[in-house]
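Chemist: Put chain B on the given structure of chain V with help from the hints.
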Amino acid sequence: MKFPIYLDNHSTTPMDPRVLESMLPYFTEKFGNAASRNHAFGWEAEEAVENARKQIARLIHADAKEIVFTSGATESDNLALKGVAEMYHEKGDHIITSSTEHRAVLDTAKALGAKRGVKVTYLPVDKFGMVNPEDVRNAITDKTILVSIMFANNEIGTINPIKEIGKIAKEKGILFHCDATQGVGKVPVDVQDMGIDLMSFTAHKIYGPKGVGALYVRKKNPRVRIAAQMDGGGHERGMRSGTLPVPLIVGFGKACELCEQEMAADAARLSVMRDRLHATITKALEDVYLNGHPTERLPHNLNISFAYVEGESLLMGCKEIALSSGSACTSATLEPSYVLRALGVGAELAHSSIRFGLGRFTLDEEVDYAGKRIIETVTKLREMSPLYEMAKEGIDLKSVQWAAH
Amino acid sequence: MAYSEKVVDHFNNPRNMGSFKKEEDGVGTGIVGAPECGDVMKLQIKVENDTIVDAKFKTFGCGSAIASSSLATEWLKGKTVEEAGKIKNTDIVQELNLPPVKIHCSVLAEDAIKAALADYQKKADSK
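Same order as they appear, the protein sequences are chains V and B.
Residue numbers 1 to 405, in the numbering used here, belong to the letters of the first sequence in order.
Residue numbers 1 to 127, in the numbering used here, belong to the letters of the second sequence in order.
Next up, chain V with everything else stripped away, as it sits in the complex (with noise of 0.2 Å):
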């Protein structure tokens, strides 16, 4: 076994060999612009960009002339939420999202309300993280220009019912946009069955390269319109400009299309690790609580809360696997996850959730070494821990008058 372990999958992956072997000749010899029209290595270029394309749109089910490359998911959300209030502000000026989103799509919508007076609807979700369709229908006024939900969370895997929000969004002939960056190559992602318009994802999820994302930008049924946010070449079809990153492309491309035949499979074993690694854990020890929804969930996601012990020491007490926690401690707003706030676990279980994402490379050995360490260092913490031990005396812990600081 190799250390540190890698079990932060969700933040990002490592890249495919086959990935990188592909990219390669499109540093050096193949390195041409792919908007040179008027030369072979511009032509080159061009080609295997297109090519990239069609692997990308497959996977999805869309066509290859609706997919818009960007730098990454976060410039996808910003194109897709600006570029719909800008161009249809004066059918409109009210999005819907939820408040579980990726801070991609929560701050964008929050710019464009401070900036653009646009008005946002931020739908609360269920105890598992789910956004409810029928809450969606209800938010919807006939100022409403775009529904924005994401496909699945990042924290806790929470998959949403995607179809159903595209459904009610398509009869009421608003616009969906779907944040797909945990979803896409993970699960069947389909944007033809599910009603999405606009879709953001991103490369490096799926064992591709970083600084390479792209938009689903539907072309008919109907034919959606963004205002550019990039201004220049006119590339893209004038939805963002920008000199194409070839290597990049080619990567995401191979990515997209080695997931289409692999992410059963994937899929397959690490729900099974996954599935192990959790009964270890809560047949070892007490008071450990699942965060996200038991079964609508990604199949290599894991958030567990550890009552009484606090994230970020539970990390630095195995810090030779690399895993990501919802304390406070660890985030750069010093507040605990806002995600498992907006499920209504409290705070205190917030500072103790510990999420694991297993991916392609993941070993049954690593998952369950992680599993032995995390035992032993919840058992060793909550020997440490005041609050264990007023809970092993019998003391309610909510019922303590504590000092806020």
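These are calculated hints, taken from the structure and not from any lab test.
Among these hints, one or two may not hold up.
Chain V is nowhere near these chain B residues, computed Cβ spacing over 12 Å in every case [as the list claims (entries may be wrong)]:
(1) N12
(2) E24
(3) D25
(4) N49
(5) T51
(6) S69
(7) S70
(8) V81
(9) E82
(10) I87
(11) T90
(12) K102
(13) K122
(14) K123
(15) A124
(16) S126
Below 30 Å or equal to it, Euclidean Cα-Cα: the simulated DSS-like pairs (lysine-lysine) are [said to hold, decoys possible]:
(17) V:K398 with B:K21
(18) V:K2 with B:K6
(19) V:K372 with B:K88
(20) B:K6 with V:K380
(21) B:K127 with V:K380
(22) B:K6 with V:K398
(23) V:K392 with B:K86
(24) V:K380 with B:K122
(25) B:K22 with V:K392
Ideal placement from N, C-alpha and C gives every residue a C-beta, glycine not left out.
Modeler: Same frame as chain V, but now just chain B:
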């Protein structure tokens, strides 16, 4: 974020981790912080003839919070009650090389010391 060697050492080898019986003679207990904020420290001192002869802690919190309280117990032992009251959070920051985002851990440790001393004093006065 990388931790200082001293923080890692206290985290891996906590000094004086444990509890005294609160009712015991000469024991002062301070519990500060809140679970919602992600850190709770319990610091206890055992005083004989105005001198702290033993100290113990239990902490729910990040590595720096655990290290701050572990260090506090080390420093408390052998000090008189008056000397103990002079321990400042900045001393802890300096000793453990805490980064700015972790300064609140040292503040909490100072608060815990003060709370334990106050509890000891209250018990002593009521006799």
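Chemist: Give a verdict on every hint.
Modeler: Quick rundown of the hints versus the structure:
| no. | hint | in the structure |
| --- | --- | --- |
| 1 | N12 | 9 Å, violated |
| 2 | E24 | 16 Å, holds |
| 3 | D25 | 21 Å, holds |
| 4 | N49 | 28 Å, holds |
| 5 | T51 | 25 Å, holds |
| 6 | S69 | 9 Å, violated |
| 7 | S70 | 9 Å, violated |
| 8 | V81 | 22 Å, holds |
| 9 | E82 | 25 Å, holds |
| 10 | I87 | 18 Å, holds |
| 11 | T90 | 17 Å, holds |
| 12 | K102 | 8 Å, violated |
| 13 | K122 | 17 Å, holds |
| 14 | K123 | 19 Å, holds |
| 15 | A124 | 23 Å, holds |
| 16 | S126 | 21 Å, holds |
| 17 | V:K398 with B:K21 | 22 Å, holds |
| 18 | V:K2 with B:K6 | 27 Å, holds |
| 19 | V:K372 with B:K88 | 39 Å, violated |
| 20 | B:K6 with V:K380 | 19 Å, holds |
| 21 | B:K127 with V:K380 | 38 Å, violated |
| 22 | B:K6 with V:K398 | 34 Å, violated |
| 23 | V:K392 with B:K86 | 34 Å, violated |
| 24 | V:K380 with B:K122 | 33 Å, violated |
| 25 | B:K22 with V:K392 | 16 Å, holds |
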